[in-house]
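On the provided structure of chain E, position chain A as indicated by the hints.
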Amino acid sequence: MTFIKYKSIIVAFCCFLTLCGGCKKMVEVPEPVNTITTIETFSSDATATSAVAAIYNDMIAGGPGRNFAFANGATTINAGMSADELHHFGYVSLFETNTLNATDFPGITWTAPYYDIYIANGVIENLPGSPGVSDAVKTRLTGEAEFFRAFCYFYLVNMFGDVPLVTTTAWAHTDTLHRSPVELIYQQIMNDLSDAQTRLPEDYTVSNGQRITVNKFAASALLARVYLYTKNWAGAVTQASNVLTASGLYGLVSDLNQVFLANSQEAILQLQVGNYYPYTTREGHSIIPYDSTANPSYYLSDQLLADFEPGDQRRFAWIDSTDYNGTLYYYPYKYKEYVGSDGDIKEYYMMLRLSEQYLIRAEANAQLNNLSDAIADLNVIRERAGLADLPNTLNQSEVLAAVAHERRIELFTEWGHRWMDLKRTGQADAVIGAIKPTWKSNAQLYPIPASELIADPNLTQNPGY
Amino acid sequence: MDFRALCKPKRASFSSSAKGGWEGASKTFRVMKITAILLLIACLHVSARSLGQEVSLSLKDASLENVFKEIRKQTGYNFFYKDEWLLQTNRVTIDVRNAPITQVLDICFRNQPFTYAIVDNSIVIKPVGEFQSSNAPPAKVDVKGTVYNESGQPLAGANVIAKKTGKGTITNAKGEFVLSSVAENSLLIISFVGYASQEIKANGDKGIRIYLKVAVDELDKAIVQGYGATSLRLSTGNIGVVRAAEIEKQPVLNPLLALQGRIPGVDITQINGYASAPIKVEIRGRNSIDDSYPSDPLYIIDGVPLTVLELTGRSGYSQGSVGFLQNGLTGPAVGQSPLFSINPADIESIEVLKDADATSIYGSRAANGVIMITTKKGKPGKTQLNIHVDQGVNKVTRFWKMLNTPQYLAMRREAFKNDNIVPDQGNAFDLLTWDTTRYTDWQKALYGGSGKVTNAQVSLSGGDARTTFRMAATYNYSTAITTAHGADQRGSLAVSLSHRSLNQRFGVSFSSEYSFTKSDMISLPGTVTLAPNAPAIYDSAGNLNWKDWESSIGNPFSGLLQPYVAKTNFLNSNINFNYQPVRGLNLSTSFGYNNGQSSQTQLFPIASQDPNYQPAGSAQFGNNSNKNWIIEPQISYDLQVGPGKLSAMVGGSIQNTSTEGIYIYGSGYTNDALLRTISNAPQRDASDNYGEYRYAAIFGRLNYNISNKYIVNVNARRDGSSNFGPDNHFGNFASIGAAWIFTEETWIKNHLSFLSFGKIRGSYGTTGGEGGAPYAYLTRWSSNGLRVYNGVQPLAPTQHANPNYHWQLNKKLEGAIELAFFKSWVSVSVAYYRNRCDNQLLNYPTPEFSGFSSVVANLQALVQNAGWEFTIGGKGVHTKYFSWAPSFNFSINQNKLLSFPGLATSPFYKTRFLTGQPLNTIYLLHYTGVDPQTGRYTFEDKNHDGNISTSSGSTDDRYPHKISPTFATGFGFNFDYKGLNLSFFFTVKKQTGINAIAQGASPGIVNQNQPIEILNSYWQKPGDVANTGRFSIMGSADPNGYIGQSDAGYTDASYIRLQNISLSYSLPEMVMKKLGMARCVFFLHGENIFVITKYKGIDPETQNFGGLPPAKTFTGGISLDF
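Line by line, the protein sequences are chains E and A.
For the first sequence, position 45 matches number 45 in the numbering used here, and the numbering has no gaps at all.
For the second sequence, position 143 matches number 143 in the numbering used here, and the numbering has no gaps at all.
If you're looking for bench data, these hints aren't it; they were derived computationally from the structure.
Since this is a predicted model, take the numbers as computed values, not measurements.
Even for Gly, the Cβ is constructed at its ideal location relative to N, Cα and C.
Some clues are possibly wrong.
Derived lysine to aspartate or glutamate pairs resembling DMTMM-like cross-links, with alpha carbons at most 20 Å apart [what the hints assert, rightly or not]:
#1 A:LYS144 / A:GLU218
#2 A:LYS547 / E:ASP291
#3 E:LYS436 / A:ASP419
Chain A is faced by these chain E residues, among others (derived, beta-carbon under 8 Å) [as the list claims (entries may be wrong)]:
#4 SER43
#5 THR47
#6 TYR114
#7 VAL137
#8 ILE212
Bound-form chain E, shown alone (with noise of 0.2 Å):
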């Protein structure tokens, strides 16, 4: 009787034993099957080159909900209808009359911004230390990160100033910056794009010659329009010279209705857009009526149909129009395709094109004072509108005033240049006050979400917001 009395308790504690000796083990679970660790992200040439496409395919796509986001066409959308271009159809967006809160606000503008320069420096931080990775891909990787990473940049601090500058994922360190001035921000943007320009190669080989990936010239054009609104105008020249010789590769297209087409001779860069639907780029889905009868979701103002020369064939090939209850409204028609077909890509969505280089030179050499130069300049964007050149006696406030002109013209409703060129040149109040009397002149900067404010008591708001 004792003899089993001891012997099962002595077999019980030794089977206790047993299970706090495994206990480590019993708790430690293997990694999730659907996801891999950043070190696994960073261990080979296909998982880093996929950390990459996150990026790529977060401004094209929105995220893992495919909406309509910052880089596939809500910049276009929300600049425009700050500015002067567009209006939104069957109410009044904050948008439009400028009158923007930051609760309301939608935080897309920043937050998708931010997710990618994240990825970006996700990246640039863990490239170095990956000895699974080949040289040759982590500088070209590096340089794609440094390119996105000052395109976001960019947009942010043109659509709201003074931002926190992040350059690194830890979160610890992160989470409570105060917001940076604009001039140190260029100064990352500057130093970004220039490294990716020694990174980069100068050709489209890595995408199969299609002009989805960024190379040393998309670099180049970036940095010409950070040297124009940083008025290196000396830097905004070479820059843009580089792209505008660069031999061969880019040239405009002379039919104006196939410049934004995939991998149209005049693009630097564009994104590619995915095999599913609606099998072309948000924004013209976005923008295009369904049919022709049906009503348009944008559509143009009166100020920039008035604002087309006679015979401006822009005003033809770029503009469509609809009829709505007997009313004609006019929207954007750069991009042709509400719904493409299936396997038959026809648009990609434009991020940075070849006439935009003419008018920076053309903006640049005018401010140093190169005149001829400057219209010259003009001249090619012109031409391929069926325009009359511009005479060589113009001076020098004619030549700005020919390239404002210019801008609004070719660039409009594209990637919000009207918007931030009224707000560099000064313009805003003038132009935007004159036609909106809600306009208020804080307005040239967009609040910062509400939220973030609450989640970093270090960053500040805008002023009047």
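For chain A alone, kept in the frame of chain E given last:
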């Protein structure tokens, strides 16, 4: 025997005619002694019989005299007593079958001023005290016996204690005990948890058989606790229980709903009216400051935890857990409660574990309490067949009166006038295009119907002393109150088996419940606020009417043709092996497994979409799999140590949970007939969610019980969880509880005899919390939902990682007093608790510019829930035919953010919490009325900056308003009259809720109808003093928009609800005997009958205007036992 020497009987008597005093009785003795030899043979015969002498008696309120006659008839024993004594005796009610004579006599003499002694074949009666007057020490005997329950199953581990000395032992596997050298005829108390204790007299008989009866007193009924059983009497912790009898009265599909209002401190809220909807359960207030963690307790079904991992991030504090819906689909009910798969009719009891003593044995997962569900088991005895059938209806509880068409149109026209805007096609289609003579009451159109309810169950149970079984099959069917679609069905099978070996040492028990549920639902468009003149849903051909609806808004009823069907298979099984090698030692291992497999389909046919857009059909398919397995070896050892019983238990637990969700989206279908399968989809898109969780623990309990008077209980647990980073896996939790049953003290017994039970208990201890999703410590990159770019499948980061977070700690303190008066005629208990939750584990908000909006981390914030719980119960009034018993519970919880270092500069939280205030506080503007000049709502400019603002940084909205219930009460009455039973149960809540009038769209917006109340007093022209501001078509762009963020946006949402009413009638025994039945009950049950409230809106509990409100249900049926 010594006492015989004291006796001086004058004459013998065993009849009622016996005369004379005690002297006579003693003399008779002597006479009988002399004649003993003559009767030797007979005596031997009698005594031989008497050792195993058994009596069967069934008498009600009988005189002692009659009892004696009966016993004599059966046994031949003679009785000796004085006749006049009989006048002092109490009447006796007794019901025994084949019981030992001593036991029968004990019952007869329990409340008598007399006692008895068996002398040879005679029974001698004496006044109490006379036997003790012996001047020689009583003889010592060894008492041997076996303890059984009424069904004849031996009870292992029963306690046998000598009442006077406290000396005791426990029974072995066969129920046997030996208590050596106790004073002869001293009293022994035999007790076992869940049974009424019995007292026997010690004598040297070999093999007394003691049959314990299942307790009828609430105090002694068994209640399930973590890894064991206890009773309200012996428990040192706080465990609330709802038993089958109460559950059966409630026609609910989800067993959690049967708890509504029944247990103090337990707040059960149905999130919406769909039967399978998530249910928010909150026990003793909110512990976590994080909105994204549900307040769900740990659910344990027959020992198997029902853990579902959170993978989608769509669960939350206010909306509960999405449960089985972990693939990203939303579904009309916004989740599926896992408990919906449990059939309430198979439940024996639901226990709610609240304080540290009860919960800390579950360690890390018990911070929010534990709900344990125990299914019905078979009982030995006659095989019993039960058939239960009922049918009934579902209907919406109340409608909300909205503006009719002329009123609505007048409001709209006035809004245009106020705004000075000319109505046009874009902003006034309701005035210009729509038929202004139409009228539809959208509430009636959408959920004005009545649903049908059918429930049927067949069960068979029975067994013998070694093997028992129960098998049941149930079918429930309930159609929704929506007019278009919708039904819930559940079929379930339950099996339980148990067996013990012949030597009773080895035992096995098995229980398994399988259920299949099918919920067919439609998304109710939040369209009960549609304009009353909005076009018809369907056109004349019966298709969705697209022609008349404005294309800019579309026909909002496409959901009616987009059916959602969820099918779930759920299996919960548990098998327990146990072995008792020696007395008191019990080795057991429990293996448990549950598996919920559910699939959802939602179709978006072409017919449900606007034909103008050349739509294609699409379909969503979801699959979820949730598995838990658990192995729990345990050793328990009970022994008598000193004056008390020591129960020690150690155990281990290994659990593995995996939750998976797969979502498949098919689109581009060109024909609705092809929709039902993904195979026909021209395009497919899929994603999955996956989580695995492992958990290991060792735990132990020490319980020391001295004479059921002083009880100490210590629990400890060490837990490891895979939810934490490698360095933070383990956490330790412990508790101590103690109870003093002061009514066991002699001086209380003697002086406060009206007090039948009194206990003071207290406990203190810790439990933990693990937070939400698994893998939050890892960096994660995923391709989920991402499209190929340039031939490369992207990999995107999905979360901030934090390897450093660790367990959060919940310290629970409780003190309580429990009293019962006049033999449990009424019982009262009062408990005070104070829980403090520290080291808050939460999704710490990070600014989105850092990449993600949150990271899982610990925060040094301390949240306190303190409160009182009162219950009143008891047997109530009991007469022969009539009984009346009230039940009442009341709880009040005060939630408070006790400390939060750095709150003032904390991100995020500084605008949401104030130390000293409850977590469920909202900060609102102070509404100061409608400006008579402008008709706009005005608010107090608290910070005097000239602006009214609710945005961060502004302090205008710093008026705190508590939105948790102030108190909750449940009370009910139960009446019995012969076979008739009537019971009511009311729930009461005092709370603040959303003001449905002010939180809706502001009056005047296109296609937004308003409640009739706005017309009572609204602004029309300068100078008007009104309650409702000017009508405007601008909506929130207008400053009217702030009303919802002001104190005017909230209102009293207190209510009294007749939660349940039940009327049943059992046919009298006589009739049933003729019919060959054991029981036949007709019943009517009603749930959610009516609500009394000042609240304007549909339901003060859901406060969700537009969603499906909870329905009321009436059913009637019959239950037969054969």
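Hint numbers the structure violates, sorted upward? Hints 1, 4, 7 contradicted; others consistent.
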